[in-house]
Each structure stands twice: as structure tokens, then as C-alpha cells.
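The UniProt record's numbering puts the first residue of the sequence shown at 1, with every later residue one more than the last.
Hints were generated in silico from the structure; no laboratory data involved.
Fair warning: there could be bad hints in the mix.
[Stated by the list, open to error] Across the chosen pairs, the derived CB separations fall in these ranges: (1) G86 with R307: 29 to 37 Å; (2) R152 with V319: 24 to 32 Å; (3) A149 with H46: 22 to 30 Å; (4) V164 with V225: 42 to 50 Å; (5) P189 with T6: 43 to 51 Å; (6) G76 with V319: 48 to 56 Å; (7) E44 with R148: 34 to 42 Å; (8) V158 with R305: 27 to 35 Å; (9) N292 with V319: 27 to 35 Å; (10) E233 with H46: 40 to 48 Å.
Even for Gly, the Cβ is constructed at its ideal location relative to N, Cα and C.
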Amino acid sequence: MSAHGTPIPMTARASGPLTGVAEVPGDKSISHRALILGALSVGETHVTGLLEGQDVLDTAEAMRAFGAEVTRVGTGEWRVHGVGVGGFAEPQQVIDCGNSGTGVRLIMGAMATTPISATFTGDASLNSRPMGRITDPLALFGTQAVGRAGGRLPMTLVGAESPVPVRYTLPMPSAQVKSAVLLAGLNAPGDTVVIEPEATRDHTERMLRGFGAQVAVEDTDAGRVITLTGQPELTGQRVAVPRDPSSAAFPVCAALIVPGSEITVPGVSRNPTRDGLFVTLLEMGADITFENPREEGGEPVADLRVRYSPDLHGVETPVERAASMIDEFPVLSVVAACAKGTTVMRGVKELRVKESDRIDAMARGLEACGVRLEEEDDVFTVHGMAQVPGGATTHSRLDHRIAMSFLVLGLVSKSPISVDDGGPIATSFPTFEGLMDGLGAIISRDPA
1 MSAHGTPIPM TARASGPLTG VAEVPGDKSI SHRALILGAL SVGETHVTGL LEGQDVLDTA
61 EAMRAFGAEV TRVGTGEWRV HGVGVGGFAE PQQVIDCGNS GTGVRLIMGA MATTPISATF
121 TGDASLNSRP MGRITDPLAL FGTQAVGRAG GRLPMTLVGA ESPVPVRYTL PMPSAQVKSA
181 VLLAGLNAPG DTVVIEPEAT RDHTERMLRG FGAQVAVEDT DAGRVITLTG QPELTGQRVA
241 VPRDPSSAAF PVCAALIVPG SEITVPGVSR NPTRDGLFVT LLEMGADITF ENPREEGGEP
301 VADLRVRYSP DLHGVETPVE RAASMIDEFP VLSVVAACAK GTTVMRGVKE LRVKESDRID
361 AMARGLEACG VRLEEEDDVF TVHGMAQVPG GATTHSRLDH RIAMSFLVLG LVSKSPISVD
421 DGGPIATSFP TFEGLMDGLG AIISRDPA
């Protein structure tokens, strides 16, 4: 079933050229962080370009529950009147984060060093995901967590009465864990230090500085060392959210594989910690140009011009690139299925604990559509073919990126490809259907 309602079956069929401008939504990662840091600040934060998908709306509601004033004043335009670092009030209701692992993990970090309690839950997908990777480092601050077996939601978090700063080395590359620890460190005295052996997306560090926190980043032999000075006074800011490269991935990849296509995707983040997909696509022979490079909201952005690329070929993605494209591997596997030769994706085991086991979900769906592949715990290999047969109904598993990936594949397969539930798409890309329709894609909702 859908993350927030009854299932919405959808089908994609072979389409003519995709053309036009694809104005994808604001970046989901930055949208979550803008609301949370706005709530932890003194004064007003004015956000433009906010993603208004369900994941982010759930975070906005959570910030209200913790005492911040969060108001929508126009399309993508929001105002947050914060309560300051350590100022969260104890919520009167359970915090429902829906489908969002980013939302729940960052919010847990933000409240972990305030002496209040909060209970968190989510949909069936989120409640199946492991939270120990967050609660273990938060316990070092003095935070307590009580949840279901295996460290799963629903879970009650009891904030530290007398938090202490921590020094924590990430056991896996995870921007969510890093961000949770840094947010917890805001209300702890002294320096909180996070060491990441592999660099992950750095939106939290950038935005913390923008709101007035002291954050130092040093590259060492042990990895990237991030030091946050605790108990700052954050000040409300104006935040312009750039467009989400993870959402842009779907029209970009569709245009590369649908014959005759040419589209423009304006204002997409080119943050180097999020750029792995575009680097990989260029290596595969993609015709992508980056125009009008500039900076918006502290993030590098550019307009993407994307043309059909008939000579795409398989590549091997290195382990060290995985963190910069972790959300894009599902749609990359679609491009790989349409490319010449074999694509080997390394460092993908983190995909197994996302909204679904994304490797298994893509493998089973691709196999059903006639694609040859091999999977290991940390490696996913896809063999390209002249045309994917299609003709299957794939299972989204309450995962927005799985649903969108198979709908992109259906635009070039011999027979239509269906997904059993496209409802979760609204969590991150509520305008997906309308945007793709405007470009010329044939995607329909199936009768109930």
C-alpha cells in the first residue's frame, strides 16, 4: 500500500522524445535541514524553494510539535520562528515522520541533548528501518532510547539531562548519522567531533555555519574530521533551497535513454558530495552540459542541458564515489540496463537499509523486465541490452525512488512497465507525474 493511503498503480509506456524545461523540486536534504535549524535558531528563518513533499511536511509538523512556529506563506515559501538551541518543548503527541529516514534521524539528533522526551513513529517502511546507528552515538551524549526489538520505531527518546560532548567515528558513510551527532552537539558544552573515513554530503556543515555555528573541517589520513563548538546562538537566516539533484536524476536519465530527447533542468545543486551520478553518467558517454554555474543558498548550482545519448556504455563505479550518489543507484541501474556492455556498481550495501532494500527491489524488478544482473552484498552488476523487454508489474515496496526508476525504464521498454504503487512518489517528488507529462512521457495511473 501507499505510504499515506491506498495504493496508486501506475504504468509507463514507450514515449516519443522528451523536450522542454524540467523544473524539479527543491532539495529534500536541504529542506529538512532548513526547517530544523530554523527551529533551533533565534528569530525568523525565511525559506524559499522548500520541497513540499510529504517527507518535508512531516518535518515541518514535527518542528511545530517541539514549539517552533512554522508557517507556509506561498508556494515553496515558509517562515520559521525558532526557539533557540536547547529550547525545544516536550511534544504533546507522537512525532510521525511518515516515510522519512532523514527526517526522523535528524530530528532525533536535534532533540537528543535537551531534557525532554519524545516518541517517534513512521509508516511501515520507516518502522522497519534500523535506528541503532543513530541511538548508539546519541547515547554517548547521555540520551536514552527505548524502542522495538532491533532498535526500530516506534521509539521513545529521552534527552540528556547533562549532555557531554563526544568524539565519534562513523562506522559507515552516512550523512544522516553525521548530521544527527552534529545537531546533538549543538546543546553540549565544548567541542563535538565527528570523523568520517569516507566523505558524505556536507549540507549540515554548510548550513550550520550559515546559521552562526562554529564548524571546522579538516581532511586527515583518518578521514574528514568535523569539529563543532557547542552551545552557539544560532540566528535565523534567509535560505534559498537549490533544486534537488536526486529528483533531477529521473528526468535527466529519462532524457538520456529516450531517443530524440533534449531537456533543460535549471538550478540543480552541483555540491561535490552529491555529484556522483552526473560524474558517472558523463563517464558512460552522456551528453550533459552544465550551464550558468553560480551559487545559491551557499550551494553551487548550474542549469543542466541533457540530450539523448545513443552510445552510452557500461562503467565501473568506484567504492569511494558511492556516498555521493547513494540515492541515485536505482535509476543508474535503469540507465545501465539500456547501455552497451556491463555496469558494475560498487559500495552499494547502504542501499539495503534505505526505504527498502533497494538492491533487492531493483534486482527483482529488472529481472522481471528481462534484464540480466548479478548482486552481492556490496556490488550490483547490470548487463545492458539493445531494448529492455519490460511487460512486468514491479513492486515499489513503499519506496519513492524504486517507483520512479521503473517508470523511467518503462518509457523505453518494448512492453509497458507497471509499478504496484506510485503513491510514495509524493514523499519526495510530488510534481513528478505532471513534470514528466509536460516533457512528453507517457505515464498513467491505472484503474483501481
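To see whether the hints hold, each was checked on the structure:
Hint check: G86 to R307, Cβ distance near 51 Å, so the stated range 29 to 37 Å is violated. For R152 and V319, the Cβ-Cβ distance of about 28 Å falls inside the hinted range of 24 to 32 Å, so the restraint holds. For the pair A149 and H46, the supplied restraint of 22 to 30 Å is violated, since their beta-carbon distance comes to about 43 Å. Taking 42 to 50 Å as the suggested C-beta distance range, the pair V164 and V225 does not conform, at roughly 19 Å.
Range check, P189 to T6: Cβ separation about 50 Å, and the 43 to 51 Å hint holds. Separated by about 36 Å at the C-beta atoms, G76 and V319 break the suggested range of 48 to 56 Å. Against the hinted window of 34 to 42 Å, the Cβ-Cβ separation of E44 and R148 comes to about 38 Å, which satisfies the hint. Checked against the given bound of 27 to 35 Å, the beta carbons of V158 and R305, roughly 51 Å apart, lie outside it.
For the hinted restraint 27 to 35 Å between N292 and V319, the CB-CB distance of approximately 33 Å keeps it satisfied. Distance hint check: the CB atoms of E233 and H46 are about 18 Å apart, inconsistent with the given range 40 to 48 Å.
Taken one by one, the earlier hints fail for this structure at numbers 1, 3, 4, 6, 8 and 10, listed in ascending order.
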